[in-house]
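Colleague: Sequence:
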Amino acid sequence: MPANDTETRAQLERLARAVALSSQMLDAARAGDWDVLASLESDRGRLLGEDYASVLSQSPSAAARVKEGLATCLRLNDEIAALTGARMARLGELLAEMSSPPAGNGPPQRPPG
Numbered sequence: 001m002p003a004n005d006t007e008t009r010a011q012l013e014r015l016a017r018a019v020a021l022s023s024q025m026l027d028a029a030r031a032g033d034w035d036v037l038a039s040l041e042s043d044r045g046r047l048l049g050e051d052y053a054s055v056l057s058q059s060p061s062a063a064a065r066v067k068e069g070l071a072t073c074l075r076l077n078d079e080i081a082a083l084t085g086a087r088m089a090r091l092g093e094l095l096a097e098m099s100s101p102p103a104g105n106g107p108p109q110r111p112p113g
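End of the sequence shown = 113 in our numbering, gap-free, step of one.
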């Protein structure tokens, strides 16, 4: 097998791993398991940081697999971003509630006298 076929196969396997990690990240976000999501993100980021452009020129089927894999990662990432955005908004609301006194409860009053 020529070296470029071996490298193409290896890159496609790494991209498939990035898709699997994206799916696991979405599962973690749905479950509210933010620590797991964060730990998976670093591995996925490393895999998606690769240059897949060379695979696009190898064969039409390899190019299609790269396009499909990247499109899947983007779709899953959009879902993850929506869930994390909602969580961040809720955390902002909780922080605001903690920062302001409850309505109708001003500072304690001294009894007359």
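If you are wondering where the hints come from, they were derived from the structure by calculation, not from laboratory data.
Just to be clear, a hint being listed does not mean it is correct.
Unchecked claim - Okay, the calculated beta carbon distance ranges per label pair:
(1) Ser-99 with Glu-68: 27 to 35 Å
(2) Ala-38 with Asp-78: 12 to 20 Å
(3) Asp-27 with Met-88: 14 to 22 Å
(4) Val-36 with Gly-85: 13 to 21 Å
(5) Ser-39 with Ala-86: 17 to 25 Å
(6) Asp-33 with Thr-72: 20 to 28 Å
(7) Arg-14 with Arg-87: 40 to 48 Å
(8) Ser-99 with Ser-59: 53 to 61 Å
(9) Gln-24 with Ala-64: 18 to 26 Å
The model shown is predicted, which means the values in this text are computed figures rather than measured ones.
Quick reminder that beta carbons are idealized off the backbone N, C-alpha and C, glycines included.
Colleague: Against this structure, judge whether each hint is valid.
Modeller: These are the hints, each one checked on the structure:
no.: 1; hint: Ser-99 with Glu-68: 27 to 35 Å; in the structure: violated (46 Å)
no.: 2; hint: Ala-38 with Asp-78: 12 to 20 Å; in the structure: holds (18 Å)
no.: 3; hint: Asp-27 with Met-88: 14 to 22 Å; in the structure: holds (19 Å)
no.: 4; hint: Val-36 with Gly-85: 13 to 21 Å; in the structure: holds (18 Å)
no.: 5; hint: Ser-39 with Ala-86: 17 to 25 Å; in the structure: holds (21 Å)
no.: 6; hint: Asp-33 with Thr-72: 20 to 28 Å; in the structure: holds (21 Å)
no.: 7; hint: Arg-14 with Arg-87: 40 to 48 Å; in the structure: violated (29 Å)
no.: 8; hint: Ser-99 with Ser-59: 53 to 61 Å; in the structure: holds (58 Å)
no.: 9; hint: Gln-24 with Ala-64: 18 to 26 Å; in the structure: holds (24 Å)
The structure shown violates the earlier hints numbered 1, 7.
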